[in-house]
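Visitor: Take a look at the letters that make up each chain.
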Amino acid sequence: MNEDTTNAQNKSKVKSVVVISTAMLTFITFWKAAAIVLCDFGSSAFYAGGIAYNAFGPAFPWYILGVSFFSGLLLMMYLESCSMFTRSGVFPVVSAGLGEKAAQLAASALLFDMALTGPISGLSAGNYLIGLINSTLAILKINFSMNPEIFSMVFAAAVVIYFWYQNVKGTEDSSEKSAEIIKLSLIICAILFLWSAITLALRGTVKLPPLKPQLTKEAMGWAVNIPFMQKVGYIGVLIALGHSVLALSGLETLAQVFRELEYPKIQNLKKTSMIIFVFAVVFTGGLTFLAALIIPPADIAKYSDNLISGLAMSLKGPTFLKLLLQAAVVFAGGLMLCGAVNTSIIGANGTMNRIAESGILTDWFRKIHKKYGTTYHIINTICLTQLLVIFLSRGHVYLIGQAYAFGVLWSFVFEMVSIVVLRFKNREQKREFMMPFNIKFDHFYIPIGAGFVGFIVVALAGINLLTKKIATISGVSFGLILFTIFYISGRLNAKKANIMFEEGPREKLNETQVPELNKAFENLPYKENILVTVKNADNLYHLEKVLTDLKDSEINIIVLYVRPLENWNAGKDRAGTSVDYKELFTQVILKAENFGRPVHPIMVNSNDFFAAAAQVAFAAKAQKIVMGVSGTYGANEQMEYMVMAWAALPEKYKITAEILWPGREVSFKF
Amino acid sequence: MDNLNPQIYLINTPTTKQEIVKYLVSNICTGTALNQEEVFKAIIKREQGISTTLESGLSIPHARLEGLTSFRAVVAVIPQGIQDNYGKNIKVMFLFLSPSGVQYFPEHLKLLAKLAETFTTAFIDELCTLKTTKEIAAKLPF
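Protein chains in written order, with this note's numbering: chain Y, 1 to 670; chain G, 1001 to 1142.
Since the hints were made in silico from the structure, they are not lab data. Warning: the hint list may mix true and false statements.
Residues from chain Y that face chain G, not an exhaustive set, calculated with beta carbons under 7 Å [as the list claims (entries may be wrong)]:
#1 372
#2 581
#3 640
#4 643
Derived SDA-like pairs: lysine to any residue, alpha-carbon spacing no greater than 20 Å straight-line [as the list claims (entries may be wrong)]:
#5 Y:652 - G:1055
#6 Y:669 - G:1104
#7 Y:535 - G:1049
#8 G:1110 - Y:651
#9 G:1114 - Y:630
#10 G:1110 - Y:650
#11 G:1045 - Y:653
#12 G:1045 - Y:629
#13 G:1045 - Y:635
#14 G:1045 - Y:151
#15 G:1045 - Y:665
#16 G:1110 - Y:623
#17 Y:652 - G:1104
#18 Y:654 - G:1106
#19 G:1110 - Y:668
#20 Y:654 - G:1006
#21 G:1045 - Y:526
#22 Y:535 - G:1041
#23 Y:652 - G:1045
#24 Y:669 - G:1102
#25 Y:652 - G:1118
#26 G:1114 - Y:651
#27 Y:669 - G:1105
#28 G:1045 - Y:633
#29 G:1110 - Y:631
#30 G:1041 - Y:637
#31 Y:669 - G:1123
#32 Y:652 - G:1114
#33 Y:654 - G:1120
#34 Y:654 - G:1045
#35 Y:669 - G:1118
#36 G:1110 - Y:653
#37 Y:654 - G:1105
#38 G:1110 - Y:535
Glycine is no exception: its CB is placed at the ideal position from the N, C-alpha and C atoms.
Use the sequences and the hints to build the structure in full.
Guide: Have a look at this one:
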């Protein structure tokens, strides 16, 4: 073999194989998505009833049940927002609907909610645990009890610190664990329901709790000075609902988890929402109602910090079995509440990252951990805030509960109003789901149903402003501080923000160089592969077509970019021919996310696109190579060269090549 | 496709790719109604697209022509090699013409595949050692 031949063979071989990955290339089932949301949203069942009881007395189960039913309407609103934005949630939706300043305010409210979710969940888990310990000590007649506030404070701080470390390290996929926690909670819920039914049957009579709330002076807040608000009519109902609305915290997680939901996304989101709704009504509403029916009225105050434990201990049966059930409640509740701490850190980090992507936050916030690749400055800030809240509350869940609803409600207000505004502003935008009850007029769907939900949340938020002093003062202060940080950071970052706005947000890509092609495909989940070549971020029609048409979900979609080089040895990019691969793969990942189908991006260096595509397809044992049509050459020419490149391989098998462009395709099996 | 019977030429004088294409076009058109100038233009137009030269040293200038009802081909073996515009060293040039009808396109692609598969680096090196067109013809599977 002469020198020319050797050079020719070396030139045609692909160089530098890079496997691209991001956190967003795996997708989860509707059941796992529901479990993630429920670990946050469902955990409020453990403390919402007690806080509502402290605010307006024995009528609390009706209102908790009421807001649980109301969650169904909010879930439908989230469905509409997710059908418009794959990367949904407060910040993108409010940005589109009401503008960036409103989005910053909404995000501030949401972050306030998340800053309190961690502490309230951690403290509540501590309360349940200390409740169990103290019950056990009392039954064992050991004359010792621990201070619940101090114990809960230390426990909550330990949980936050644990999840701080996990998040800085970059937590692995937690959906499996969430699903296990929810399964366990459902089993315990079923036992509680069955045992409660037996208890009620043995008692013979059931006395329903009163409907009328008994609002304390504290629960009235500033409204105590407004005479007409003191009459417990519709306003009283709204005030009581305002004190119960914290049971809705965690719904935002649905928007955050939507991007991870597998194909078909909206159908799966509907199933996810249905599971969440049934869980909210049965678990949060149902268990709170049973607690009010079964716990003797004189004991409810005692159990207000661990209401479900109180339900377990008030059932008819042997003390030992009741203690065992309480232990099970504490175990499941503890896991769910600790899961909520984690979700609050992940959610706040995600929200801050969305804000950072818009260029508002300075580089200090966006700093990536050298070893773990996480945005550790943001995580540190969130966890420090949560620890501060835990110590300021001195372990009192009710105190945080008073402040809590502010963030939940105001983030809802901004989001719901934005969804209504977007009906008019983006009336042409495709929506796979629309909140029901609309009147079609000209090009508009006048949103009667969405408007009603928007009106309710605005009314509740307005009432809460007057009645929940702690929430208003702390929420407004926190919001203003955050808004000021966003404002100053935005000004400092203005130049960079403009560049980021023009370029669009970039996905964080992990690039792993592998020594040879075969190694790039070792860990693919399925046996069968399709290779899709990409070159231009604006020409991904063929990838979309593959993502839409692929019936079999057990086929890996490998997305290849062949990066041209001018000089092998120097490794310099060939000027003008190499595209911005980060932008290209960001668009590829966004497409995959929109469809909820995983893709496996890979980049190789080669000056012969077709030879490289053939080698990659062969190494991956792909059944099909799919290309977009080139703007420079015709589809027939592309097919000719693809055929030649494949045939020139020393070993080969039968393969199909397809070139796709809108309305047409060229396909050849060879 | 097996009955292609291409005319074979052994080129030992220094020349250029364009000259060889011109030479082969003039030969492939001889005795046919094909217009030499138009065929040459069609081939050069195709060459201006994606290069038809493979890393093995095989160049496949070709064109799909209206009015043609069968495939026609000529082969040139260039032992000393010539450089194409992309720096690739051409040692065998297989020039062919195919009918432009859609129904012929699969056959057209099959021929390209067969050429790329047959003319490996080793096979081309072997052809370059042969002294006569007769010896070359005996080696070709067409």
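Visitor: Determine for every hint whether it applies to the structure shown.
Guide: Results for each hint:
1. 372: violated, 43 Å
2. 581: The hint is violated - residue 581 of chain Y has no Cβ within 7 Å of chain G, the shortest such distance being about 22 Å.
3. 640: holds, 6 Å
4. 643: holds, 5 Å
5. Y:652 - G:1055: holds, 17 Å
6. Y:669 - G:1104: holds, 15 Å
7. Y:535 - G:1049: holds, 17 Å
8. G:1110 - Y:651: holds, 17 Å
9. G:1114 - Y:630: violated, 25 Å
10. G:1110 - Y:650: The hint holds at about 17 Å.
11. G:1045 - Y:653: violated, 32 Å
12. G:1045 - Y:629: holds, 19 Å
13. G:1045 - Y:635: Holds: residue 1045 of chain G and residue 635 of chain Y sit about 15 Å apart, inside 20 Å.
14. G:1045 - Y:151: violated, 83 Å
15. G:1045 - Y:665: Not satisfied, since the Cα-Cα distance of roughly 23 Å exceeds 20 Å.
16. G:1110 - Y:623: holds, 18 Å
17. Y:652 - G:1104: violated, 24 Å
18. Y:654 - G:1106: holds, 15 Å
19. G:1110 - Y:668: Holds: residue 1110 of chain G and residue 668 of chain Y sit about 10 Å apart, inside 20 Å.
20. Y:654 - G:1006: Outside the cut-off at roughly 27 Å; violated.
21. G:1045 - Y:526: The hint is violated at about 43 Å.
22. Y:535 - G:1041: Answer violated: residue 535 of chain Y to residue 1041 of chain G is near 30 Å, above 20 Å.
23. Y:652 - G:1045: violated, 31 Å
24. Y:669 - G:1102: holds, 16 Å
25. Y:652 - G:1118: Cα-Cα ~13 Å, so holds.
26. G:1114 - Y:651: Distance of about 14 Å is within 20 Å: holds.
27. Y:669 - G:1105: holds, 12 Å
28. G:1045 - Y:633: Given pair residue 1045 of chain G, residue 633 of chain Y holds - Cα atoms ~11 Å apart, limit 20 Å.
29. G:1110 - Y:631: violated, 25 Å
30. G:1041 - Y:637: holds, 16 Å
31. Y:669 - G:1123: Violated, because 26 Å separates the two Cα atoms, which is more than 20 Å.
32. Y:652 - G:1114: This hinted pair holds, its Cα atoms lying about 13 Å apart.
33. Y:654 - G:1120: holds, 19 Å
34. Y:654 - G:1045: Outside the cut-off at roughly 31 Å; violated.
35. Y:669 - G:1118: Holds, at roughly 19 Å.
36. G:1110 - Y:653: With a Cα-Cα distance of about 14 Å, the restraint between residue 1110 of chain G and residue 653 of chain Y holds, given a limit of 20 Å.
37. Y:654 - G:1105: holds, 18 Å
38. G:1110 - Y:535: violated, 27 Å
Going down the numbered hints, you'll see the structure goes against 1, 2, 9, 11, 14, 15, 17, 20, 21, 22, 23, 29, 31, 34, 38, while the others check out.
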